[in-house]
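Enquirer: Full structure from sequences and hints, please.
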Amino acid sequence: MGRPSKYSDKVLQEICDRLSQGEPLAQICRDDHMPGVQTVYDWSKAKEDVSVALAQAREAGEDAIALDCLHIADDNGKDTRILEDGRELTDTDVVQRAKLRIETRLKLLAIWNPKKYGNKTDVTSGGKPIPTPVLMLAHDRPKQEAD
81 MGRPSKYSDK VLQEICDRLS QGEPLAQICR DDHMPGVQTV YDWSKAKEDV SVALAQAREA
141 GEDAIALDCL HIADDNGKDT RILEDGRELT DTDVVQRAKL RIETRLKLLA IWNPKKYGNK
201 TDVTSGGKPI PTPVLMLAHD RPKQEAD
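In our numbering, the protein residues as written are 81 to 227.
Keep in mind that the hints are not guaranteed to be accurate.
[To be verified] Have a look at the derived ranges for each label pair, beta carbon to beta carbon:
#1 R167 <-> V132: 51 to 59 Å
#2 R110 <-> I191: 19 to 27 Å
#3 I191 <-> I152: 12 to 20 Å
#4 I191 <-> D154: 23 to 31 Å
#5 V132 <-> T160: 41 to 49 Å
#6 D112 <-> E183: 29 to 37 Å
#7 K90 <-> E164: 50 to 58 Å
#8 D112 <-> A190: 16 to 24 Å
#9 I191 <-> Q93: 22 to 30 Å
#10 V175 <-> E94: 34 to 42 Å
To be clear, the hints were calculated from the coordinates, so they are not data collected in a lab. Using N, Cα and C, we set each Cβ at its ideal position, and we do this for glycine too.
Expert: Next up, the structure:
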């Protein structure tokens, strides 16, 4: 028996729920009861409401992944270990692994949604410095002399 190919609100809801938690579509579609990735893309092309639901779920999932990066960075529970003599030592392997996990997630976010998570690139100044606007409040302005 092949994978399910007919559209189902129940299947779409599960896909959207899992996408919104940051799970990639390819991983979701590996489950036996799920359609293939191409089938989901076909549903998205055929039905605008499916396309919108998937886009919203993906955006929520990206935010969930970004939040996961913060949790990884803030979790320092295993960053150190106590030696036999009682001294505390930083476990660099654990710290490096956490950095790798964060970096991988951030790179994926930058690829999936460069406008929101990518590096900002200036394409308007031709490489020249962009002047920073200065906001002057009324009491900061020089007083004008009367004519």
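Enquirer: Next step is simple, just say for each hint if it's right about the structure.
Expert: Consistency of the hints with the structure:
Taking the beta carbon of each, R167 and V132 are about 57 Å apart, inside 51 to 59 Å as hinted. For the hinted restraint 19 to 27 Å between R110 and I191, the CB-CB distance of approximately 20 Å keeps it satisfied. The hinted window of 12 to 20 Å between I191 and I152 holds, with their beta carbons roughly 19 Å apart. For the hinted restraint 23 to 31 Å between I191 and D154, the CB-CB distance of approximately 24 Å keeps it satisfied.
The beta-carbon spacing between V132 and T160, approximately 47 Å, falls within the hinted interval of 41 to 49 Å. About 33 Å separates the C-beta atoms of D112 and E183, a value consistent with the hinted range of 29 to 37 Å. Under the hint 50 to 58 Å, the C-beta atoms of K90 and E164, about 56 Å apart, fit the expected range. At roughly 32 Å, the beta carbons of D112 and A190 sit outside the given window of 16 to 24 Å.
Between I191 and Q93, the C-beta spacing of about 26 Å keeps the proposed range 22 to 30 Å intact. About 36 Å separates the C-beta atoms of V175 and E94, a value consistent with the hinted range of 34 to 42 Å.
The structure fails hint 8 only (numbered hints given earlier).
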